[in-house]
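**Student:** Here are the chains, one letter per residue:
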Amino acid sequence: MYAVEAVGLKKSFGATEALRGVDLTVEPATVLGLLGPNGAGKTTTVRILTTLLKADAGRATVDGVDVASDPRGVRSRIGLTGQYAAVDERLTGFESLEHVGRLFHLRTKDARARASELLERFDLTDAADRVVKGYSGGMRRRLDIAMSLVSRPAVLFLDEPTTGLDPRSRLGMWDLIEELVAEGTTTLLTTQYLDEAERLADDIVVIDHGEVIAKGTADELKGQIGGDRLEVTVARPDELDRTAELLHDRCAVSGAERVDREARTVTIAVSDTHKLVPGVVRLLDDADIEVVDVVIRRPTLDDVFLQLTGRAAEVDDAEEEVA
Amino acid sequence: MTAATTQITTSTTPARTREVPRGPVWMWRDTWTEAMRHLRAVPRNPDLLIFATIQPIMFVLLFNYVFGGSIQVPGYTSYTQYLIPGVFAQTVLFGSAFTGIGVAEDMQKGIIDRLRSLPMYQPSVLIGRTVSDLCRNIFTFAVMFAVGYLIGFRIEGTVLAAIGATLLLLFFSYAFSWIQALIGLSVKSVEAANSAGFIWMFPLTFVSSAFVSTANMPTWLQTFADWNPFTKLTNAARALYNGTPPGADLWYAIAWAVGITIVFSFLASRKYQRGAGR
Numbered sequence: 001m002y003a004v005e006a007v008g009l010k011k012s013f014g015a016t017e018a019l020r021g022v023d024l025t026v027e028p029a030t031v032l033g034l035l036g037p038n039g040a041g042k043t044t045t046v047r048i049l050t051t052l053l054k055a056d057a058g059r060a061t062v063d064g065v066d067v068a069s070d071p072r073g074v075r076s077r078i079g080l081t082g083q084y085a086a087v088d089e090r091l092t093g094f095e096s097l098e099h100v101g102r103l104f105h106l107r108t109k110d111a112r113a114r115a116s117e118l119l120e121r122f123d124l125t126d127a128a129d130r131v132v133k134g135y136s137g138g139m140r141r142r143l144d145i146a147m148s149l150v151s152r153p154a155v156l157f158l159d160e161p162t163t164g165l166d167p168r169s170r171l172g173m174w175d176l177i178e179e180l181v182a183e184g185t186t187t188l189l190t191t192q193y194l195d196e197a198e199r200l201a202d203d204i205v206v207i208d209h210g211e212v213i214a215k216g217t218a219d220e221l222k223g224q225i226g227g228d229r230l231e232v233t234v235a236r237p238d239e240l241d242r243t244a245e246l247l248h249d250r251c252a253v254s255g256a257e258r259v260d261r262e263a264r265t266v267t268i269a270v271s272d273t274h275k276l277v278p279g280v281v282r283l284l285d286d287a288d289i290e291v292v293d294v295v296i297r298r299p300t301l302d303d304v305f306l307q308l309t310g311r312a313a314e315v316d317d318a319e320e321e322v323a
Numbered sequence: 324m325t326a327a328t329t330q331i332t333t334s335t336t337p338a339r340t341r342e343v344p345r346g347p348v349w350m351w352r353d354t355w356t357e358a359m360r361h362l363r364a365v366p367r368n369p370d371l372l373i374f375a376t377i378q379p380i381m382f383v384l385l386f387n388y389v390f391g392g393s394i395q396v397p398g399y400t401s402y403t404q405y406l407i408p409g410v411f412a413q414t415v416l417f418g419s420a421f422t423g424i425g426v427a428e429d430m431q432k433g434i435i436d437r438l439r440s441l442p443m444y445q446p447s448v449l450i451g452r453t454v455s456d457l458c459r460n461i462f463t464f465a466v467m468f469a470v471g472y473l474i475g476f477r478i479e480g481t482v483l484a485a486i487g488a489t490l491l492l493l494f495f496s497y498a499f500s501w502i503q504a505l506i507g508l509s510v511k512s513v514e515a516a517n518s519a520g521f522i523w524m525f526p527l528t529f530v531s532s533a534f535v536s537t538a539n540m541p542t543w544l545q546t547f548a549d550w551n552p553f554t555k556l557t558n559a560a561r562a563l564y565n566g567t568p569p570g571a572d573l574w575y576a577i578a579w580a581v582g583i584t585i586v587f588s589f590l591a592s593r594k595y596q597r598g599a600g601r
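If you read the sequences in order, they're chains R and B.
Heads up, the first sequence is in our numbering, so the first residue is 1 and it goes up one at a time.
Heads up, the second sequence is in our numbering, so the first residue is 324 and it goes up one at a time.
Calculated directly from the structure, the hints in this document are not laboratory data.
Since the structure is predicted, the reported quantities are computational estimates derived from the model, not experimental observations.
Among the hints, erroneous ones may be present.
Unchecked claim - Here are the simulated DSS-like cross-link-like pairs (lysine-lysine), alpha carbons at most 30 Å apart as the crow flies: (1) B:Lys432 <-> R:Lys10; (2) B:Lys594 <-> R:Lys275; (3) R:Lys215 <-> B:Lys594; (4) R:Lys109 <-> B:Lys511; (5) R:Lys275 <-> R:Lys10; (6) B:Lys594 <-> B:Lys511; (7) R:Lys133 <-> R:Lys109; (8) R:Lys109 <-> B:Lys594; (9) B:Lys594 <-> R:Lys54; (10) B:Lys432 <-> R:Lys109; (11) B:Lys432 <-> B:Lys594; (12) B:Lys511 <-> R:Lys133; (13) B:Lys511 <-> R:Lys215; (14) B:Lys432 <-> R:Lys54.
Stated by the list, open to error - Under 10 Å between C-beta atoms, here's a sample of chain R residues computed to sit facing chain B: (15) Thr16; (16) Ser76; (17) Glu95; (18) His105.
Unchecked claim - Okay, the calculated bits of chain B under chain R, using three or more residues with CB under 8 Å as the criterion: (19) 362 to 374; (20) 437 to 451; (21) 531 to 541.
No residue lacks a Cβ here, since even glycine has one placed at the ideal position from N, Cα and C.
Looking at chain R on its own, in the form it has when it is part of the complex:
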């Protein structure tokens, strides 16, 4: 049995089709990364799976329970951490956790014990009796995630867990999620950061404009677009096109080369990397092109996204997430 299974989910908001038939599955004790730019339909998918929103069509089960016919059954099995830390600023950290425990109908004694346990686990014991208003962003996030773990959920949903965090808190959050995963928490996380999905997820579903455009492990996705990437940085922007042309003739395997004018780089897929770098340097040198840097690297999910959608994940139409 899948921990999460969604088949043909559709959802429209007025004339906007947020989801156009999304299928996905999450194996127990694994992490699924739902990857896509803003407005792709990630949050809408999570909201349907966590019973906050009803799908127009399709069906979904969480831990074997149907989200449409038994929403309360689903709610007793999940933990949800939304895009923004959903914490009541007026309560203390301890009270926040105790409050959630009570609403999961734990006995008072158990709700309190669980609260203390989680505070310790998330390094918040010292702040336990302080009002959340005085917490830092990272502390709020940790408390937020702790609140979604009160009931030991069968599936944890993390909607963009690191959005809005500074780089240091982001790394801390990654460590934290990795620890939870190591403990066997089945997790569905959404992200618009490619490195985040790559690092945390066992399987990745790429979603764009309400449709799944690719799925598989990070390695499988990379396999779809061939081998390594050769990245050449040149000194003068006006030589980029000529560089691209030369590289294309020399080593293109599939697809086009990509020119980033701002960074003055040309990126191209290559198959055989044997003696490639010296060859390329010589080639460009003979053509009187001043080379700043030549690198061979593994393709990133950024490359995957570009290949699949024809545009980079970051360069988005700035379409608002509809739900």
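Since the structure of chain R is already known, use the hints to place chain B on it.
**Tutor:** Structure of chain B alone, referenced to chain R:
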């Protein structure tokens, strides 16, 4: 991050009972849990409490001393006896705006989303909120009553009638909390809830018999004022405090309060269930 001292998740454990308890006991417990979330925060926000106290005191004193000398109302020798029930009514009604602001804040911060993802009795989120605001209003009322007493307001009728008048006022404020809850769920921000919650209450409370007799208003305004549910409430409460028969105004006032509660609790709950404002 320290190493895990305890197993935090048990998704590897075989199927465990995840039965959701149902029934009236749990409905009540969930509602109380939610109400306590708001009530335990009250003493931590003394600013809010102070303003919630100063405003009614200010209203009582301003109206009584600034206008009191110039305003004559038929049938009352003392303006204070006429005015104070009106100020009571206006203040408890204004107090209901806190419901909308609180709900909007919970929405904006995603707290409503979190609560909606819990296996709790869902209506208790709004019931707990309105009940906690009712408790706050009881406090506000007590302060106003004390100030009113100090400046000479007296219960002229029976104590029972005065208690009835007080319950009627509080019931009205509770009914209006549901209107505010719907507003709070419908607007996009706390600031919008603040304006949208207050703005319509000014004409509602001023174009009424709360502060002056409606007899001196222009005819078209008088028609509105006489049919205004707030006029019915004020007239009924004033009569009960002053020991005169409230007549049909009492039944109108009760009917309005019951009607508003039923209609707006239904509308607000529906809005809540449908995902509120989105």
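**Student:** Please flag the earlier hints that this structure goes against, numbers listed from lowest up.
**Tutor:** Hints 2, 3, 4, 5, 8, 13, 15 and 21 not satisfied by this model.
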